[in-house]
Every structure is written in structure tokens, then in C-alpha cells.
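Undergrad: What follows is the residue order along each chain.
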Amino acid sequence: MEKNIKKYFPAFVLPTFISFTVVFLIPFFMGIYLSFTEFTTVESATWIGFENYIRAFTKDENFLNALWFTIKFTVVSVITINIFAFSLALLLTKALKGTTFFRTVFFMPNLIGGIVLGYIWNLLINAILGVFGFDITYDADYGFWGLVFLLNWQLIGYMMVIYIAGLQNVPRDLKEAAKIDGASSFSILRNITIPMVMPSVTICLFLTLTNSFKLFDQNLALTGGAPARETSMLALDIYNTFYGRIGWQGVGQAKAVVFFLIVAIIAFVQLKITGRKEVES
Amino acid sequence: MASITLNNIKKTYEDGVTVIENLNLEIKDKEFIILVGPSGCGKSTTLRMIAGLEEISDGELKIGDKIVNNVSPKDRDIAMVFQSYALYPHMSVYKNMAFGLKNRKVPKEEIDKKVMAAAKMLDIESYLNRKPRALSGGQRQRVALGRAMVREPSVFLLDEPLSNLDAKLRTEMRSRISMLHKQLGTTFVYVTHDQTEAMTMGDRIVVMKDGVVQQFDTPQMLYNHPKNMFVAGFIGSPQMNFIDCMVKRKGENYFLSFGNYEIVLPNRMNDYLVMYDNKEVVFGVRPEDLSIVKGKDEVNSFDLYVDIAEMTGADYYLYGTFNDKKIIANVPSNNNIKSDKKYKFKIDIDRIHIFDKINERLICD
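If you're matching them up, the sequences are chains A and B in order.
Following the numbering used here, the numbering of the first sequence begins with 1 at its first residue and continues without gaps.
Following the numbering used here, the numbering of the second sequence begins with 1 at its first residue and continues without gaps.
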């Protein structure tokens, strides 16, 4: 039986392998190759070595600004989203009335597309700031906090659902044993609940980290990078470099490769660190 | 000093379901008390109320002289061992045992001393650095006991602590817990649904059914003088045989008549049976109080067709049906017995129990 299945192994794997190669592997390696070339179309690429990378870091200050802005944004978003989502999950796993209703309500923003959210919050924030005579593009700080608020609003519900699943899996006996052992509510949270929901923490940190770092459509719709590209995040900066500047396609591509490496390294390190803290019962 | 007093304790859940109705218990200091009963009888709820993990709807709970209804679990001077062990999976055995002491701000050296002493007593010294997942069921159970011990509480609460262990380990842990009780000299309250555990470990046993205490007595009294049919049937394995019969009087003597048989009752029962003359009752006899006899005219005996004969080693368990009721007899294995054969069984009338058929209470034994 097992031998027969092994015989047909290529037949089962081939469709997935072909699709994966065509839509992922080829474009991915092609992209890396193009980052070392000067090109306008894929056919017209000329090899120029690391020139694009050098230009990205030395001749385009927007890139470093965008990188710094993205890092700041990611740090703040990851912390706020996870704290709020975890707190809400804690609240909504208590035996209170209306918890199911609130879980649904908090999850709903996640169902709206990012670009739509961006425009809606652009209108809302500008309506409020308009009272004081300016709008979200007046200062980069407004754009920064606007983006943080928007992504919080969008992702808290989603992360909350993951935390709720984790919290519901913490055995009641453990908390009761800790209670009898003299632990305070805070001590139970710190010493029992959080270590027990580490798998959820790992997933939520990974999702918020990558979502924050890769944020594009909300950035485009809310601030469009204004004022003066100060609120442009990495993805938007790459997009603008690639489509907005003639002859800079290769640089855009090089930025994309750097972007990929940063996201991959951060995600890998984070998974390693939090994964180590997960508990096997 | 840690006696436990439950006065008119009632437990009603939010949905209005009452699981404990008017529970009264007086547990003495240093006693080993077993709460036993079938699933849903309220034994675990009672234990959890003593622990403070379940609110008391009405009544008064005292540990020592102090009313503890509104005292939090940590301030009741109790320790609890859970059915699931409830060991913290992310902490080592040492940290599991030290957690309670750390919360109480006990100095590090003292924690170390207490953990090492408990570990030595329970034979788990070599596992102190392991995580619970690397331990077997029996080892985990010992760690759970150790975690409770290091706190030196006045009361130990144990909620079906052996139910996840295999039969051999259960027997071993049973004696270990009994030894522990002797060594520690504190009050133990132990919940189980296993009557063998109850009989072998407890100083006194609380038999519960549907949230009501059926009998609170020593194992000997429960076995020899059960107060009702439930206790009689629940305590003892195999369980007591119950046979419907009629009380009859001939001169000074009372008889029990069932089928074509009659048994003469001892005169000491006469006073209790006056009201039951010509009335139906149930008599109960334990399997070991039936013995096989050969003579045709043996008094106080009846014929039983044995369907199955189980040899357990020292004994035979003989299963048959009499008047549509299953009957079990326990006879020594030196009898040469075969299944699918009729035998005459003599009833030890000094060991029978007569119950009221309607309220199932004991009339006399």
C-alpha cells in the first residue's frame, strides 16, 4: 500500500509544485536577479551588480526615512495591538453578559478592506482635525498616530479572537491551583495565564509584526505618504520608487529585496524567541 | 487545629439548579474523611466549597473556629490535590512545589529546605529539574502531593487524585497517601467515586447521593450496618443482593417468605417487624454471607441456578437470577463449582439486613 502511494508521489505533488514554481519561485528569483540590473522591462535588464543597493541607501534619503518610520510604526503598533487585543480577550472570556455580541463587534473591522478603511478614517480624522483648522497631512505625527490608530482598529478584533482561543484552552484547574497556592490575580496572569497562551502570543506577534511592516493600502489611502513623503512606509516607498521615478525600477527592486530580508529576519527571530517559551503539557 | 464544620450548607447554581441541600458535617481535627458517591452526587462541589473555589449559597462553613464562607482560598490554610494533578506545565518540578511558598514570601533557604524534605519523603528528588511532561502519571501525582505538602496546611483536600492512574499504581498510591496522613497528622478530605478507596483509606466515610448525605460513619459501620439500600448497595464489592419478600408471623417467630422459600428471623428483630406483619419488604444479604450447602432439608436456604462461575483466585463469584433479580454469591474456591448448574445456598441470618420497600430505609439488621 505504502509502496503504491510512493509510486504516485510525483503525480500528486506535480500540480502544486508547478503552480508554486510559476507564481512564487520564478517571480521571487527573477525579482532578486532584477535588483542587480538596470531595467525598464524584464527583457531589457542589464547587470550592474550592487549599484541599485548603493543608490537605495545613499542617493535616496526617502528610503531610510521610510525604513525608520516603518520601524517606529511597527514597534508602536505591535505593542498597542497586542496589549489591547489581549486585554479585550481577557475581558470577553469572563462570564459576563453580551460577550458573544462584543466579540462579533470587535472582529467586524477586520472584514473591511484596508483601502476602504484608509479612506473612511481619512474622512473621520480630517473632520475632527478640520475643527482646529488643519488635516492629517499637516504634520507627520498626525499621520503616524492616524496609521497606528487605524491598524489598531482593524487588527485588534482579529488578534482578540486568537487570544480568546488561547485563553479558553488554559485549564481551569491550573488557575484554581494557583489561587490555592496564594497567587494574586496579577500573579496568576503573569505566572500561569500568559505562559499558557504563548502559542497565541507567537501567532499574534508574528501577524501584527508582518502586517505592520508590510502595511501599504491603509498608508496609501490615509496619508499617501504626505507631508513630503514623511509618512511613507517601506511598501509605499518601494511602490513610489518603482512606478514614480523613471530609471529607478532596479532601485525599487533592490529596496523590495532588502524589505523582504528585514521582514524575514525579524519574523524568524521573533518565532524563535516566542516559540521557545511555548509550553508543552 | 483544623476541624471542619459544615452547617446547613446549600449550593444553588445561577440557573437555579440545587446540587447540595442542607449539608451538615462535623469533621474532626486530623481525621481522614472520604466523600464518596456516584457521579453528580455533589461530593466534588462540597470539596470545592471547602476549598473556596465554589461559592456557598447558604449555610456556614467553619475551618477550626473561624467562619470561612467569605475567606479567599489562599487564606483558608488548605492545600488541594486535583484529579488532573494541575501541575504548572511550564515550571520544573522544583518550581511547581516552591510556587505556593514563593507567593507567601517564604525566604529562599526555607523554601529549598521544605521542597527537598518533601521530595525526599515522596521519592521524587531526582526529578526536581524536570518539567511535568517528562514524568509518568504516578510521578506527577507525587509532585502534586509534594506541592500540597510543602505548604504545611491544616487541611488537605484531595479531589479523586488516583482516578487517572492504572490499577497497580492506584493501590500503591493508596497506601502512600494513608502513610502520608499518618506522618503529617493533619485533616484530610478525600473525594472519590471508588468505594474500595473509600473503605481502605478513610477514618470515616460520607456517602452522598443527589446532594444529600446518606450516611456518615466508619467503614465498618457502613459495611455492617448500612442505613438504607443505597448505602448497602454502594458499599461493598460485589454489591449486596436484594430480594423482595413478605414478612410473616408464626407464633413468636417472624419469617421472610420469598418464592417457595422461607427464612426464620432471629428474635432480636421481632420488635422492629411488628409494623411490617404481612407486608412486603426487601432483605439484603452480602455475597459472602451466602454459602453452598448440600443437605436437602437445610433451613434458611434457597436454590439458585448458577449461570456464570468466576474464579478470582481465592474465591468464586457465582452469578444467578432469582425472581428476576441478579444474585451474586462469593464462596471459597475450594468448592468444586461449575456454571449452568443448580446449587443450594444457605443465608447467614445473623448478617441479613431488612429494608422498607417504599422508603428504602433499614428496618433492622
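Warning: the hint list may mix true and false statements.
To be verified - What follows is a set of in silico ranges between Cβ atoms, one per label pair, in the way DEER data are often shown:
1) Arg190/A / Thr196/B: 52 to 58 Å
2) Met108/A / Ser136/B: 58 to 64 Å
3) Phe12/A / Thr196/B: 53 to 59 Å
4) Gly16/B / Ala165/A: 28 to 34 Å
5) Glu14/B / Trp145/A: 50 to 56 Å
6) Glu278/A / Lys102/B: 40 to 46 Å
7) Lys102/B / Phe101/A: 37 to 43 Å
8) Glu109/B / Arg190/A: 51 to 57 Å
9) Thr196/B / Phe101/A: 46 to 52 Å
10) Asp141/A / Gly16/B: 54 to 60 Å
11) Glu14/B / Gly133/A: 43 to 49 Å
12) Ala117/B / Ala267/A: 43 to 49 Å
Since the hints were derived computationally from the structure, they do not count as laboratory data.
Fair warning: this is a prediction, and the values are worked out from it, not measured in the lab.
Ideal Cβ positions, reconstructed from N, Cα and C, are used throughout, including at glycine.
Undergrad: Just to be sure I understand the hint, the distance between the Cβ atoms of Thr196/B and Phe101/A should be within 46 to 52 Å; is that true here?
TA: Because 50 Å falls inside the window, the suggested range holds.
Undergrad: For the range 54 to 60 Å, tell me whether the beta carbons of Asp141/A and Gly16/B fit it or not.
TA: holds, 56 Å
Undergrad: Has the hinted range 43 to 49 Å been met by the Cβ atoms of Glu14/B and Gly133/A?
TA: violated, 55 Å
Undergrad: Quick check on a hinted range of 40 to 46 Å for Glu278/A and Lys102/B, using CB atoms only.
TA: violated, 23 Å
Undergrad: Does the Cβ distance between Lys102/B and Phe101/A fall inside 37 to 43 Å?
TA: Given range 37 to 43 Å: holds, Cβ gap about 40 Å.
Undergrad: At the C-beta level, are Glu14/B and Trp145/A separated by a distance inside 50 to 56 Å?
TA: For Trp145/A against Glu14/B, whose Cβ atoms are near 43 Å apart, the range 50 to 56 Å is violated.
Undergrad: Quick check: does the Cβ-Cβ distance between Met108/A and Ser136/B fall within 58 to 64 Å?
TA: violated, 48 Å
Undergrad: So does Glu109/B sit 51 to 57 Å from Arg190/A, Cβ to Cβ?
TA: Since the Cβ atoms of Glu109/B and Arg190/A sit about 24 Å apart, the hinted range of 51 to 57 Å is violated.
Undergrad: Should the hint that Ala117/B and Ala267/A are 43 to 49 Å apart at their CB atoms be regarded as holding?
TA: Distance hint for Ala117/B, Ala267/A holds at roughly 47 Å.
Undergrad: Against the range 53 to 59 Å, how does the distance between the Cβ atoms of Phe12/A and Thr196/B compare: consistent or not?
TA: Once the Cβ atoms are compared, 55 Å apart, the range 53 to 59 Å for Thr196/B and Phe12/A holds.
Undergrad: Per the hint of 28 to 34 Å, is the separation of the Cβ atoms of Gly16/B and Ala165/A within bounds?
TA: holds, 31 Å
Undergrad: Given a hint of 52 to 58 Å, does the C-beta separation of Arg190/A and Thr196/B actually sit inside it?
TA: violated, 42 Å
When each numbered hint is compared with the structure, violations occur for hints 1, 2, 5, 6, 8, 11.
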